[in-house]
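All chains, please: the whole structure from these sequences, using the hints.
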Amino acid sequence: MAAVTLEAAHSRAELLHQPRSNKLGLWIFMASETFLFSALISARFITSGVQKPEDLNQALAFGLTCVLLVSSISAYLAEAFIATGHRRAFLAATRVTIVFGLIFIGGVMFEWREALHNFPPGTIYGTAFFSLIGLHAFHVLTGVLGLAVVLNLGALGHFGPSNSWPVEGVVKYWHFVDLMWVIIYPALYLF
Amino acid sequence: MRPLFRAIKWGIGGYLLGAVAAWVMAGASGPLNGPIEVTVGFIAGLIGWIFGIGGWNNWGREWFGLPPKDDGKDDWRRYFRFNTDHKVVGVQYLVAFIAVMGIGGIMAMLMRLELARAGTDFMSEETYNKVMSMHGILMVAVAVAGILGSFGNYLIPLMIGAQDMAFPRLNALSFWLIPPVAVALLSAPLLGSFEAGWTAYPPLSVLAPGDGQLLFNMGVIAFGLSSILGGLNILTTVTTMRAPGMTWGRLPIFVWAGFSASLISVLFTQYFAATLVMIQLDRIAGTAFFDAKAGGGTLLYEHLFWFYSHPAVYIMVLPAFGVSLEIITHFSRKPLFAYKAVVGAFLTIVGLSGIVWAHHMFTSGMANYFHAPFMALTEAISIPTGVVFLAAIGTMWKGRIWFTAPMIMATGWVFNFMIGGITGIFHADVATDLQLHDTYFVVAHFHFTIIGGSIMGLLGGTFYWFPKITGRMYNERLGKIFALWVTIGLNVVFLPMFWVGVNGMNRRVAVYPADLQRVNEFISAAAFLLGAGFLLFIGNLLWSAVKGPKASDNPWNASTLEWSVSSPPPHHNFPLLPEVVGHPYEYGRPGARHAVLSTTGATHG
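In order, the protein sequence lines correspond to chains B and G.
Using the numbering used here, the first residue of the first sequence is number 105, and each one after it goes up by one.
Using the numbering used here, the first residue of the second sequence is number 228, and each one after it goes up by one.
If you're looking for bench data, these hints aren't it; they were derived computationally from the structure.
All the given hints hold, so there is nothing to weed out.
Each pair of labels, with its calculated beta carbon distance range:
{"id": "1", "chain 1": "B", "residue 1": "260", "chain 2": "G", "residue 2": "417", "range": "42 to 48 Å"}
{"id": "2", "chain 1": "G", "residue 1": "581", "chain 2": "B", "residue 2": "256", "range": "39 to 45 Å"}
{"id": "3", "chain 1": "B", "residue 1": "245", "chain 2": "G", "residue 2": "665", "range": "41 to 47 Å"}
{"id": "4", "chain 1": "G", "residue 1": "330", "chain 2": "B", "residue 2": "287", "range": "38 to 44 Å"}
{"id": "5", "chain 1": "B", "residue 1": "187", "chain 2": "G", "residue 2": "235", "range": "41 to 47 Å"}
{"id": "6", "chain 1": "G", "residue 1": "419", "chain 2": "B", "residue 2": "262", "range": "48 to 54 Å"}
{"id": "7", "chain 1": "B", "residue 1": "293", "chain 2": "G", "residue 2": "522", "range": "18 to 24 Å"}
Glycine is no exception: its CB is placed at the ideal position from the N, C-alpha and C atoms.
Below, the structure is given as structure tokens:
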């Protein structure tokens, strides 16, 4: 009898603390990642100050920035839809977000083809450009993979209003990656 | 053992696949072990290894909507697979890092063999560099993760009254990232090894011909990931999983120490990863971070590197502070003196640790106006550290001291770490540091802090918790001999190094002025004796783990929660749920209790 009560208490304890743990863990992870980005951003300013080459593709970078910012809205909608039980709308919003993410990555690849000629990695601006954007694009890619996983699981019917943490977690991460771009973009293109 | 073999197969397969794919994409012309091939191969191999050992069964299947799969039963083989029990992970860490310490120790012996003579008799200067670099990085790894990985994982859930860590799978992952790191570092000699020390300063780390530097970079980045995930887990566990009544003010001091060290490792470790990524990019992608011709510079490296690596010394010593204070209070049979001040000191150290890094760079050519503030801030760290010493001494003061092997280690920690701390002031002070920089004075100083501070905590904790972990008692007489051996031996080996340092013996090089040879002969002989003493430690533990007398649940009559359960603890730690009703160290206060165990009503909040 005692053992049964104990098992119940254990699983009740699990239910109570796990959402808190997940949230806190994700925030700690993002704080840690902020330090990684800050290391490379400070390297950009220490080595090359605010200098930038003339032949940066400003139009493309501005467009990609808009794509990423809008993707944050669709990601937010995905989270809100699943939290209120609108599964089909959630799936649609997640798909849209993935497409925006892929457009961003495609745009970066296109930009790199030009950039490799104009300011190769061996130049001091190219060093900052390729390392920072590479690091960020890698994070976008992991975000897209995360979205693909929740899309797949959502299509299989895994999530609902009471069980939306994985969606919430991936979307928070997506916002974080966006936020990093909001800092990287001026550091590389605007100053 | 099947998961382990699968992991090895997938790891090797991943490496080959990655290397060949990179080779084909690079034009299929160069050698198969070129820089890019090795880099991509390592990443693919690491992923293969992680998926093979348990990543696929625990996460991968979940990603595709399949139920997670657990492989294997709970017999001795659980230590050789992806196991989410925090006690198994703790033991895996402890055994792995004692083994790593052994390898690093052999490197140290080889170095002392060479340094017994002034010239290069035993190995070339280049070989010496490589041996020294290997010794450095292995021992840094032991100091960083030795206590936090083993006792942090094993004891923090027990001490706070939890069933496990907050993220048990992440915990297992953080351990299983370690073997590929060891493989990368130890197989680096196949590619020409790395010779820029554990600090990996450019330009040598970028320009040195040996591609072992690539494996060093990738391995240490993976190690950093493990340390970040471990720290994240500890922070979350302590915040969310405390038993009812376990308020922040009632946490055992080791939990506070682990928490503080985790704060540092979660945030600052990223900087080491970032610097190593930069070196890797400079080596394989032709970037110009550290190429002065193109506008980069090595000062950048030193700033970013020490922004991690100075806080890292507090990742090494803070957990040992916690272990030693635990031991001192239990064996003095008195409440911990100035508990709140110690917690404040830990957190002050965390805060100050991030703003003192440039004291490593007084001779580097950075701007002069940095010197005075970094000197003052560095010296300010001696205030919270002094509080920790005062707490240790105040706890022992008029206590009923019980001199067991762990207690000898802990009092030896007070003495030896104090020497390390006081000689640190010579380096914080600009005027003396300009003279002493890069001499053996520095080597002696940080060995007193890291062996005296961190490793003695690891050794003392191993004795103290040995009966809890194994259920058997170690041999007390041999334990005491070993504790005294290390405490005194450390002084015999490293005190003369202050002298040779002041007399101009450079660190990191195999040769030195001939008139210092007599002292170095003495140091080498003493070092061999100190090293041999560790055989006593290993022998004692191995023999006692199998044949030692059965230990009771609480052989030290200690009050913290880990001693309230059986030795070794049952699977979910607490057969009865604990409820904390008082402070952890109420020795000598009649009727005071730390916790009561009950079946009813307890939930985690």
